[in-house]
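A.B. asks: Chains as they are written, first to last, in our numbering: chain A, 238 to 545; chain B, 238 to 545; chain C, 49 to 287; chain D, 49 to 287.
Since the hints were derived computationally from the structure, they do not count as laboratory data. Some hints here could point you the wrong way.
[Claimed, not checked] Straight-line C-alpha distance at most 25 Å; calculated SDA-like pairs for lysine to any residue:
#1 D:Lys122 - C:Thr127
#2 C:Lys50 - A:Glu513
#3 B:Lys250 - B:Ala524
#4 D:Lys122 - C:Ile55
#5 B:Lys536 - B:Tyr509
#6 D:Lys50 - B:Ile515
#7 A:Lys536 - A:Glu417
#8 D:Lys86 - B:Lys536
#9 A:Lys268 - A:Tyr509
#10 D:Lys50 - B:Lys536
#11 C:Lys50 - C:Val124
#12 C:Lys86 - A:Lys536
#13 D:Lys69 - C:Ala121
#14 D:Lys122 - C:Asp52
#15 C:Lys110 - C:Val202
[Said to hold, decoys possible] A few chain A residues that face chain B, going by a derived Cβ cut-off under 10 Å, partial list only:
#16 Gly302
#17 Ile318
#18 Leu322
#19 Val381
#20 Met382
#21 Leu389
#22 Lys391
#23 Val406
#24 Thr407
#25 Gly432
#26 Gly440
#27 Arg447
#28 Glu466
#29 Ile491
Don't be surprised by glycine CBs; every beta carbon is placed ideally from N, CA and C.
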Amino acid sequence: MRLNVELPGLHLKNPIIPASGCFGFGEEFAKLYDLSILGGIMIKAATEESRFGNPTPRVAETAQGMLNAIGLQNPGVDAIIEEKLPFLSTFDTEIIANVAGSTPGEYVEVARRISADPTIKAVELNISCPNVKCGGMQFGTDPVMAAELTRLVKAASSKPVYVKLSPNVTSITDMARAVEAAGADGLTMINTLVGMRIDIETGRPILANRIGGLSGPAIKPVAVRMVYEVAQAVNIPIIAMGGVRTVDDVLEFIYAGASAVAVGTANFENPYVCQEIIDALPARLDALGIEHILDVRGKAYAQLVSRP
Amino acid sequence: MRLNVELPGLHLKNPIIPASGCFGFGEEFAKLYDLSILGGIMIKAATEESRFGNPTPRVAETAQGMLNAIGLQNPGVDAIIEEKLPFLSTFDTEIIANVAGSTPGEYVEVARRISADPTIKAVELNISCPNVKCGGMQFGTDPVMAAELTRLVKAASSKPVYVKLSPNVTSITDMARAVEAAGADGLTMINTLVGMRIDIETGRPILANRIGGLSGPAIKPVAVRMVYEVAQAVNIPIIAMGGVRTVDDVLEFIYAGASAVAVGTANFENPYVCQEIIDALPARLDALGIEHILDVRGKAYAQLVSRP
Amino acid sequence: MKCDVTIVSNRQIARATMEMKVRCPGVEIAPGTFFHIKTSGLLRRPLSVANVEGDEITFIYKVIGEGTSELAAKRVGDTLDVLGPLGNGFPLAQHGKRVVLVGGGIGVPPLYYVRRRLHEMGIETIAILGFDSQESVFYEDAFRELGETIITTVDGSHGEPGFVTRPLARVEADVLFSCGPEAMLKAVAASPIPERFISIENRMGCGIGACFACVCQAPEGYVKVCSDGPVFNAEEVLL
Amino acid sequence: MKCDVTIVSNRQIARATMEMKVRCPGVEIAPGTFFHIKTSGLLRRPLSVANVEGDEITFIYKVIGEGTSELAAKRVGDTLDVLGPLGNGFPLAQHGKRVVLVGGGIGVPPLYYVRRRLHEMGIETIAILGFDSQESVFYEDAFRELGETIITTVDGSHGEPGFVTRPLARVEADVLFSCGPEAMLKAVAASPIPERFISIENRMGCGIGACFACVCQAPEGYVKVCSDGPVFNAEEVLL
Ligand SMILES: Cc1cc2nc3c(=O)[nH]c(=O)nc-3n(C[C@H](O)[C@H](O)[C@H](O)COP(=O)(O)OP(=O)(O)OC[C@H]3O[C@@H](n4cnc5c(N)ncnc54)[C@H](O)[C@@H]3O)c2cc1C
Ligand SMILES: Cc1cc2nc3c(=O)[nH]c(=O)nc-3n(C[C@H](O)[C@H](O)[C@H](O)COP(=O)(O)OP(=O)(O)OC[C@H]3O[C@@H](n4cnc5c(N)ncnc54)[C@H](O)[C@@H]3O)c2cc1C
Ligand SMILES: Cc1cc2nc3c(=O)[nH]c(=O)nc-3n(C[C@H](O)[C@H](O)[C@H](O)COP(=O)(O)O)c2cc1C
Ligand SMILES: Cc1cc2nc3c(=O)[nH]c(=O)nc-3n(C[C@H](O)[C@H](O)[C@H](O)COP(=O)(O)O)c2cc1C
Ligand code: FES
Ligand code: FES
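One chain only, chain A, in its complex shape:
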């Protein structure tokens, strides 16, 4: 009872959630540990039709980071509802659908269909994927477009909508305020930074898609700063992500103002990482003299903040 977090639509038994795209639909990890220990699961992005995504290579390593250009590969929203959600519904954890698209119409349609499934407790609106030609990031870098899309999806969704923000903007607080005003129930941040690596032997980009999204510990300082700024600018809760791999990283984001934390890339380095963080949290809170994890939410900017 010192780890539970109540957010719009989500009763998290703890604030640890695997991030979208880094945990598939849970099937592989379910072989490694019981998914019911997780606060929630953000499943891989859904689009209206099935997508193959980008050509390979799709990943490249960088200094304490990785680039990916998967390109929203997924079996399409209907296949996800029919083939993936029944399995996920067997676990006692909150399932969050990640919704993507190329047009506002596609976003709306995907959100409408997937949010109607009782397994889904909230929708994560992915307006920030840097790896697809149209859609994705363009909605995530213009506050007006982002707000409009949020409004449409909010109207179509039968579950609370969390908007996933892109860090590739001049002012993340402008984006956050715009989607808050448009009715977002919460924010998830950050998606990946746009980056590139070039092969020294050939002189050509390593990723077939040339550019990709940078994730992992390398981006954590940028993510913490953005959460810190946005938490002070809006009144909706934030699920934070970007480079989390230890219990201290979780606390860093909570101090910065987040209410829960998602773990992405770290699942590749260590597929047991979410389990290990959850196991380690109580002792770490004890050592720091923290009663409930949210008691220290926003401590980096305020001396006392009440639970969200």
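Chain A is already provided as a structure; the job is to place chains B, C and D with the ligands on it using the hints.
C.D. replies: Okay, now just chains B, C and D with the ligands, sitting in the frame of chain A:
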């Protein structure tokens, strides 16, 4: 003769230049090796009056990166001209002045005074420092303000002007095109990403300034991507920086479209790094079958590009 | 699945090629599967199992970048964080058939372990192993102990000059197992041998099927190299 | 200036406190100076010289984070990339004067080396060393061999209970050398002892005076801890 690079105002014997703020005014490094081996030196930012900068702690380590919030500490432009440039003039290398300020008037005045010194071969217009309250980054995130400032400084400077771009923007190409149109002779990029680290014991930001600039290998993928995009969008040369510490990092930026490369944070890890890179370049070019280093400039986006 | 294994030997066996043995008790390992190995880099490095003797696993790896250089610097007694065995290996039930093994360079290692297993089962094999030059050749004697072995080198400094496709054209076999560079796999996948299984490499993220980094086009959609492969029936994938 | 040194010993000497000796031939090292040590982190870690015997340098360090944990895991025979000696040490020419050394916790190590050097020069010293509790105390016997030594612990589990300032108030001396946490330095800098030299810590970037990370306010502008210090006349800096 396979490493020389000719740029506006700069005859670089090789494309390796210590980055501004990471090499002071050369005095400390001159005790370690002969500064005449360097292509050039970008000296620490100059403002009109002397500045103490921010309170300490001013640096914090992150995963393969560091945050700094020095805050433009410097003795002021006149003291630099009188006390620092005479020493630098004794070396056979190109000295580039980094110009900062809080107001357009200050930028103009600093550029006017320092560019008049014969030791200075070019001016680097620092519109992208994230660590000062006013001035600095606000000029670096708005294309209209950046262009206006460039025009003013260009008119005041008796030497070519390179504009240093901030990565903390939605569209780096918009910024680059704006300053090119305003008369910039070249670009230097990137300055640091804005980031933050929080102390887990106290819950407070580690830097006294709370936020700071992220540099080092962690940001290299972002820098390479931005150089790659900007090189295709403008016709003025780029001096690239962001995480360079090996000869292959230098080549990666040249492939991405840069004409020379600056080395910042790596000087702290290894104060001999510029010397080591310069020594290693010829053998690496041999191994890759590259005749002149600029023969592969822009190879990541084009099969054949002529020297700038 | 994930464990710390202890290094019992780590030695150079050819140009830029190392053989590492680790102790990893109590794991059943099929030939053709791989381990995903942690270095100081963020992503793990996939390495095929080159042999299993008791509770010792052998990896043979080429030193090409940061991760493999770091592995090469490891000392006996150091531990390694490994995830595995991962993926699906070669189909061993080939009784009564003649199997030709075609390996190129760093694709050779998994073929040694599969040959050993087939040999133990009494299945006849012939190996065709291609290298760039004599200094790169490894495990030649070990392969010869298990049956007919043809070595080719691109520069002709050892064995037959040229590519593995030349001797392959004259070999009679029912089944082909192959591992090596993509160009080689493409060529051997087109061979007239009735059944062809190839082991594919691709840059990986998770290594367990969750991230879609390693996909490969297939006649029906796609396959994931890490969890559907790395060994595929050549008909199942589009190279 | 920058060299690879070989570790000759690395052992725990108190709670979370390690003593490491490295071989570093041919370098003249003044007491109070420091080395900037490379770990796998991006920035180097500054550590004071705790002793020099022949060509062996001793560091004593508290394990507090990633860098010092990595150092603690090093084995004899491993090498370490170090930059140094850096900075300016304590002024040794104190003939005929009585020097009191005041150290707190991890500020104690440099005082051992300076005391040894003063002792060799026949200069009388008295040491006051503060720790949090008995388990943290190190080098007590070594200090006692060189003269009068007062130990204080915050929890009173060893020596005098309380802070170093208490015994300091009753000591008569001409010169004070001090190193320790900022709060302690502030207190001792205010002592009535005529000449006071303090060694300051600050987060560092370059360690050589080029980056302005480590500055400290001074009556006239500022000083750089790494290159102007780390030892300062207490009048030269504003804590
Ligand atoms: C299923 C599988 C089995 C393999 N088995 C072997 C083996 O038995 N022996 C052997 O020498 N090599 C094998 N490889 C290739 C081996 O994984 C790479 O050579 C190795 O990862 C390179 O790491 P590095 O850090 O030295 O190189 P770097 O180039 O520094 O690596 C950078 C990144 O690229 C990835 N990468 C680079 N080359 C490859 C490649 N060819 N395939 C996949 N990822 C790559 C790395 O994993 C890493 O994430 C196998 C690859 C796969 C997919
Ligand atoms: C001139 C000088 C001499 C020192 N001598 C000693 C000594 O003899 N023994 C000893 O135990 N410690 C000494 N310290 C402190 C020591 O440098 C830090 O404890 C050490 O850097 C912590 O590294 P870490 O990676 O374990 O901790 P982390 O907290 O993980 O380090 C993160 C970053 O913060 C910096 N940092 C953290 N704490 C300090 C600190 N107190 N001072 C400076 N930088 C810090 C690190 O260098 C690193 O860049 C000295 C510091 C200075 C400036
Ligand atoms: C391989 C990969 C695939 C991803 N796919 C998605 C996705 O489908 N939808 C999405 O919103 N974010 C996706 N992301 C972004 C992550 O959810 C997360 O925001 C980002 O990686 C930062 O967190 P991390 O540093 O912990 O990985 C993906 C990230 C990676 C590395
Ligand atoms: C300690 C420090 C001080 C800096 N000071 C300046 C400065 O005064 N002016 C400036 O234009 N850039 C300054 N920079 C930015 C660097 O010049 C460079 O653009 C940036 O650090 C990225 O390169 P790197 O990753 O190689 O360090 C500073 C960077 C650091 C780390
Ligand atoms: S590597 Fe992640 S799915 Fe294959
Ligand atoms: S650490 Fe760079 S000036 Fe002191």
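A.B. asks: For every hint, state whether the structure bears it out.
C.D. replies: Cross-check of the supplied hints:
The hinted pair formed by Lys122 (chain D) and Thr127 (chain C) meets the criterion: a straight-line CA distance of about 14 Å does not exceed 25 Å. For the given pair, Lys50 (chain C) sits about 13 Å from Glu513 (chain A) by alpha-carbon distance, which is consistent with the 25 Å threshold. For a cut-off of 25 Å, the pair hint linking Lys250 (chain B) to Ala524 (chain B) stands: about 21 Å separates their Cα positions. For the suggested pair Lys122 (chain D) and Ile55 (chain C), the alpha carbons sit about 18 Å apart, so the restraint of at most 25 Å is met.
Among the hinted pairs, Lys536 (chain B) with Tyr509 (chain B) is inconsistent with the structure: their alpha-carbon atoms are about 29 Å apart, more than 25 Å. Among the hinted pairs, Lys50 (chain D) with Ile515 (chain B) is consistent with the structure: their alpha-carbon atoms are about 18 Å apart, no more than 25 Å. About 22 Å separates the Cα atoms of Lys536 (chain A) and Glu417 (chain A), which keeps this hinted pair within 25 Å; it holds. With a C-alpha separation of about 35 Å, the suggested pair Lys86 (chain D) and Lys536 (chain B) falls outside the 25 Å cut-off, and the hint is violated.
Restraint check for Lys268 (chain A) and Tyr509 (chain A): satisfied, since their Cα atoms lie roughly 11 Å apart, inside the 25 Å limit. The straight-line distance between the Cα atoms of Lys50 (chain D) and Lys536 (chain B) is roughly 36 Å, outside the 25 Å bound, and the hint therefore fails. As the CA atoms of Lys50 (chain C) and Val124 (chain C) are separated by approximately 20 Å, the hinted pair is consistent with the 25 Å bound. A distance of roughly 35 Å separates the Cα atoms of Lys86 (chain C) and Lys536 (chain A); the hinted pair therefore is violated under the 25 Å criterion.
A C-alpha spacing of about 24 Å is found between Lys69 (chain D) and Ala121 (chain C), which places the hinted pair at or below 25 Å, so the restraint holds. For the hint linking Lys122 (chain D) to Asp52 (chain C), the alpha-carbon distance of about 19 Å falls within 25 Å, and the restraint holds. Only pairs whose Cα atoms come within 25 Å are accepted, and Lys110 (chain C) paired with Val202 (chain C) is accepted, the gap being roughly 18 Å. At its closest, the beta carbon of Gly302 (chain A) sits 6 Å from a beta carbon of chain B; the interface hint therefore holds under the 10 Å criterion.
The interface hint given for Ile318 (chain A) is broken, as the beta carbon of that residue sits about 35 Å from the closest beta carbon of chain B, more than 10 Å. At its closest, the beta carbon of Leu322 (chain A) sits 35 Å from a beta carbon of chain B; the interface hint therefore is violated under the 10 Å criterion. With a least beta-carbon distance of about 13 Å to chain B, the hint placing Val381 (chain A) at the interface is violated under the 10 Å criterion. The restraint placing Met382 (chain A) at the interface with chain B is violated, with a minimum CB-CB distance near 12 Å, outside the 10 Å limit.
Of the supplied interface hints, the one on Leu389 (chain A) is violated, with its beta-carbon coming no nearer than about 22 Å to a beta-carbon of chain B, more than 10 Å. For Lys391 (chain A), the suggested interface contact is broken, since its CB lies about 24 Å from the closest CB of chain B, more than 10 Å. A distance limit of 10 Å between C-beta atoms decides the matter here; for Val406 (chain A) the minimum to chain B is near 5 Å, and the interface restraint holds. The criterion of a C-beta within 10 Å of any C-beta in chain B is met by Thr407 (chain A), whose closest approach is roughly 5 Å, and the hint holds.
Hint status for Gly432 (chain A): holds, given a least beta-carbon distance of 3 Å to chain B, under 10 Å. The beta carbon of Gly440 (chain A) comes within 4 Å of a beta carbon in chain B, closer than 10 Å, and the hint placing it at the interface holds. At a threshold of 10 Å, the smallest CB-CB gap from Arg447 (chain A) to chain B is about 8 Å, leaving the interface hint in force. Among the interface hints, the one on Glu466 (chain A) holds; its C-beta lies about 8 Å from the nearest C-beta in chain B, closer than the 10 Å criterion.
Given hint, Ile491 (chain A) at the interface with chain B, holds; its Cβ is 9 Å from that chain's nearest Cβ, closer than 10 Å.
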